[in-house]
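Undergrad: Each chain is listed here by its residues.
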Amino acid sequence: MGYWTMISRFVNIFVLLGLMISLIFYTMSILISKLALDADELYDEYKRASESTE
Amino acid sequence: MELEFTKREVVFTTYLVKLIILAAFPASILIYRSKLLSFQAFLIIKKHQGRREGVAYNRCLHYLDLLFCLSRLRRKNYIEYVNFRSIHRSEFAVQAHKAFFVILILWVGVIYYFSDVNFAEFFLPVEYVGILIMLLFQRAFMFVLKVTIFWPCYGFYAFAVFTFKNRCKCKKKRREPINNDEDL
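Sequence order for the protein chains is B and V.
Counted from 1, the first sequence has number 20 at position 16 by our numbering; the numbering is strictly sequential.
Counted from 1, the second sequence has number 791 at position 157 by our numbering; the numbering is strictly sequential.
The set of hints was computed from the structure by calculation and includes no laboratory data.
Hints are not guaranteed to be accurate.
To be verified - In silico DSSO-like cross-links for lysine-lysine, where the CA-CA straight-line distance does not exceed 30 Å: (1) V:LYS641 - V:LYS652; (2) B:LYS51 - B:LYS38; (3) V:LYS641 - B:LYS38; (4) V:LYS681 - V:LYS799; (5) V:LYS732 - V:LYS780; (6) V:LYS710 - V:LYS681; (7) V:LYS799 - V:LYS780; (8) V:LYS780 - B:LYS51; (9) V:LYS732 - V:LYS652; (10) V:LYS710 - V:LYS732; (11) V:LYS641 - B:LYS51; (12) B:LYS38 - V:LYS681; (13) B:LYS38 - V:LYS780.
Claimed, not checked - Covered by chain B, according to a simulated footprint, are these stretches of chain V (three or more residues, beta-carbon under 8 Å): (14) 657-670; (15) 763-771.
Note that the structure is a prediction, hence the values are computed from the model and not measured.
Where is the CB? At the ideal position from N, CA and C, for every residue including glycine.
Working from the sequences, and respecting the hints, build out all of it.
TA: Structure representation (C-alpha cells):
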C-alpha cells in the first residue's frame, strides 16, 4: 500500500479525534452555563414577563 | 390570569435540558465505538498490533493501538477483530445512530414546545448538534469537503502547469513508446 493511501486513511482518524475533543470541550462549556439553571427562578421570571405584557 | 406553561413543565424541562447535554458523552463514546469497527485505518492498526517482527509489519503503528482505549477490542488480536467486525459492525452503527437521534428528537422537541415563549435558557446552540452530526456522518462530510476543495486545488495545479511547463531547462529525454508488434 502506498504512503498516500495510508495517509489519506489516517486523516479520517485525526478528524474523528478532533471532532471528539471539540465536542467534549464544547459540551463542558455548555454544561457549566446550563447546570446552574434554577427552575423556580425561571418560572418567576416567566410569570413576571407574562404579567407585564398583559 | 392563566399562564401557558405550568411550573411542573418548566421544572421538567430544566432537568431534560441538563440530561440532553450530559447525553453527549455516552453518545460520543457509542459513535467512537462504531467508528472503531467501520474505518479501514483501524483494521491496519490492528494488523500491526503486538510488536510483530517482519518486513510487512510497521512498529511505528504499534503506538496507534492506544486509540483502542475504553474498548474491549483492545484485547482482541487481528483475526478476532476481523470476525468481531464482520458480525457486530452494523449493530454498533445502529446503536450510535439511535443515541444520536434520541438527542436530536429531544432537542428539537424542547425548542418546538417552547417556541411561542422566549425561553432562551432552554435553547441549546446549533453547534452542539452540528458537531454530533459531523461526528456521525464523518465520511459524508469528508467526501463533500473533498469535492469542494478539488476545483480550487485543480485550478492552482492547472495554473502552475500551464505557466511553468516549458520553462524548465533540464528537459528529460522522452522515452520511445514501446511497440509490441515489432518482433512479430
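Undergrad: Could you run down the list of hints and mark each one as holding or not?
TA: Hints and how they fare:
1. V:LYS641 - V:LYS652: The given pair, whose Cα atoms are some 17 Å apart, holds under the 30 Å limit.
2. B:LYS51 - B:LYS38: OK: B:LYS51 and B:LYS38 at ~21 Å, within 30 Å.
3. V:LYS641 - B:LYS38: Status holds; Cα separation ~18 Å.
4. V:LYS681 - V:LYS799: With Cα atoms ~43 Å apart, V:LYS681 and V:LYS799 exceed 30 Å; violated.
5. V:LYS732 - V:LYS780: The given pair, whose Cα atoms are some 28 Å apart, holds under the 30 Å limit.
6. V:LYS710 - V:LYS681: At roughly 11 Å apart (the allowed maximum being 30 Å), V:LYS681 and V:LYS710 satisfy the hint.
7. V:LYS799 - V:LYS780: holds (26 Å)
8. V:LYS780 - B:LYS51: Not satisfied, since the Cα-Cα distance of roughly 51 Å exceeds 30 Å.
9. V:LYS732 - V:LYS652: holds (19 Å)
10. V:LYS710 - V:LYS732: Measuring from Cα to Cα gives roughly 26 Å; hence the hint holds.
11. V:LYS641 - B:LYS51: Distance ~10 Å between V:LYS641 and B:LYS51 Cα, so the pair holds.
12. B:LYS38 - V:LYS681: violated (44 Å)
13. B:LYS38 - V:LYS780: violated (37 Å)
14. 657-670: The restraint on the segment 657-670 of chain V holds, since 5 of its residues have a Cβ under 8 Å from chain B and three suffice.
15. 763-771: It holds: at least three residues are needed, and the segment 763-771 of chain V offers 4 whose Cβ sits within less than 8 Å of chain B.
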